[in-house]
Structure formats: C-alpha cells, structure tokens
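In this note's numbering, the protein residues as written are 849 to 1213.
Be aware that a few hints might be false.
[Stated by the list, open to error] Cβ pair distances, simulated, as ranges:
| hint | residue 1 | residue 2 | range |
| --- | --- | --- | --- |
| 1 | Glu1202 | Glu904 | 38 to 44 Å |
| 2 | Arg1194 | Glu1031 | 52 to 58 Å |
| 3 | Arg952 | Gly1187 | 27 to 33 Å |
| 4 | Thr1017 | Gly1187 | 45 to 51 Å |
It is worth saying that the hints were derived from the structure and are not from the lab.
Backbone N, C-alpha and C define an ideal beta-carbon position, used for all residues, glycine too.
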Amino acid sequence: MVKLGSSVVADGDGEPRMAALSRVCDALCEQHRQGHEVIIVSSGAIARGMRVMGLEQRPSSVGELQAASAVGQGRLYWIYDELLHARGVTSAQVLLTFFDMSARTHYLNARQTLTKLLDWRVLPVINENDTTATDEISFGDNDFLAAQVAVLIGAEELILLTDVDGLYTADPRRYAEAHIVSEVSDFALLEELEIGHTTSPLGSGGMRSKVVAADMATAAGIATVICNGLRPGALEAVLAGEREGTRFATREARYSSFKLWLKYAKPSRGTLLIDEGAVRAVREGSASLLPVGVVDVLGDFDAGDAVDIVQSDGGDEQGRALAKGISNYSAEELRQVIGMKSAAVRAILPRASEEAVHRDYLVVD
C-alpha cells in the first residue's frame, strides 16, 4: 500500500506533479505486473479543487473544504486512471469516510469490496470522502486512513510518500544538525525527538501523523516506510527492499482483526475510571470489567459504544490509560450501579449484562 501526500501530488500552486505521479505509477504498475497486489491512498483532492477554483489559501471552514474536494476529487482520480490505464492497469476509485472504518458492518463491507477488486487485479485508488465528512467523523489526514486500510486489508507493507527523505531527529528546515533516522524499532525512543505537525500549504498532515500511522500499522505486523516521493528512485529502492528513508520494524501482531479495529478505528465516546483491583483483573488476568470495579463514568455514551478504560488515581483526576472496550451499558445505566456487585446490579437493572465490558470486546494497551 502506497500513500501519497498532498505535497507529492501537487506543487505549491496546486498543479499536479505529473512527473512524480508518473514515476510512482511506473513503479507500482511494475509491481502489479510481477503479481503483487497494490493499493494507492492519495491526498490532493482539496489541493486540486483549490487550483481549479483559483483559491490562493487552503480553506479553513468545513463547507469550503468539502466544496473544494468535490471540485477536485474527480479530476484527481482522472489523472491516476489515465496514468494507470496507459500502463495496462485497470483502477477503481474508492472513497471512504471515518464512519466506514468505525462502524463494524461498514468496515467489513469495505474489506470485502477491496478484496474483490484485488482478486480482479484492479488497482484501488482510495481517498477520504471529504464531501460528506465532518469535524467529528474525519480522519484528519490520509496518513491515518492509509494505516487503517492497511490494517483492514492485511497489507504486508505501508509506504508513506512525502516531500522529505524520512523522519529526522528535528526539523531539517530549522536545524542544520538534524539527521535522518534510518530505522525505528522502539517507538518510546521517539519521544526524545522533535517531531512536528508542520505541513505544506495544501496538506493537513505532518511528520507526527505519519509516525502515528506507522505505530498503528506496525502494531498489526505491517512494515512501514516513510520516504521522499519526489526524489527519483526512492520508491523503487523501497520496493526493492533497499535501505531508503525511515523504516519502522514490524512488531508481533498481538491482536485479532476485531481488536485491531476496536483499538484503532472505533472512536471512544466516554471514559471509565476503575480501581486497583479491576486494573489487576483486566491487565494481569485478562478478565472482564465488572461494575464493581468502576469508580467513575465520564462522558455520555450508549451501550455498544467504545470507551477508554483508565486507572483511577484515587482523586478527581484521571490516571494512566489501561485499555479500550465496548460497553454493555449506557453511561446513565452504569452510573446507577458503580461499585456494585452482580447481585445488587441485577436488583436495579434486572436485564443488564454481568460485565460492564466483556473481555472478548476489550483490548489492553
């Protein structure tokens, strides 16, 4: 799976970088001819729409962003379709929203569609459906979309193309002594680096979102590389297995497909603060979370929503994040039975589940 950032797709004026796009399509079509399954995730619809409409700055309002995307999306896909068709590869446009990833049925349908396209030897070109997204249901940028689709489809490798050579120890445009990090095997060590949100005038991401995307993908056992999509030969080197850009080593995939979806795709709607006994049961015993272990309920959510599970520090403040799970109770119901044992819970809510969060629907951080 290869994700192209806005700075790779378009120049500062919003014009498509046809030379770069042609090189990317050359490399990916060669992989396709060799029998590999290839997926493109592309930013750039808003940038293309801005150019068509003569907008000098990226809009800030949701309505204007959606309108710019509506103008640019068809034109952007047309470029990919023409480039891929000229190289003998059939493509398909796939537009996804955050809801498609967060709703389990939609998630499985998206997987089924992408799997069938790959079976048909069709190359999917994916973008976020910006025209229907809102602030609440948006990937924010396509790095997260690419990582989630990589997890969804079980990709072997995720390649994030940007306009720099990889992850640096600091912003190379500000610090001359900054040097590239060629390999990352421990994400905890990245806390020492200055990883910023700096973006191009046309984009919405930045290096931090790419690192988070790499964290998500490698947790699912997917190797991830950040490299320069504008430099000739860089993508080809990555595809050949050569050292290029920043490579994030795969980690042992600890979670099932369902729990990966729960951890990374389904948004949390509230928080449960739990006591020390519940912490031990959940973390060490892989047990379900019962109402008796809940100290406080934060937020407003329904049964079936995802909630963050946090260790209480004994006061009013939240403690350390522990897990995430799907609640069997609404927030209102759970507040009625906080700290109660099962018999007392049944006396108040006779038809309630014994578990606040069942262990099969819980993923520990």
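Verification of the hints:
no.	hint	result
1	Glu1202 / Glu904: 38 to 44 Å	60 Å, violated
2	Arg1194 / Glu1031: 52 to 58 Å	54 Å, holds
3	Arg952 / Gly1187: 27 to 33 Å	31 Å, holds
4	Thr1017 / Gly1187: 45 to 51 Å	48 Å, holds
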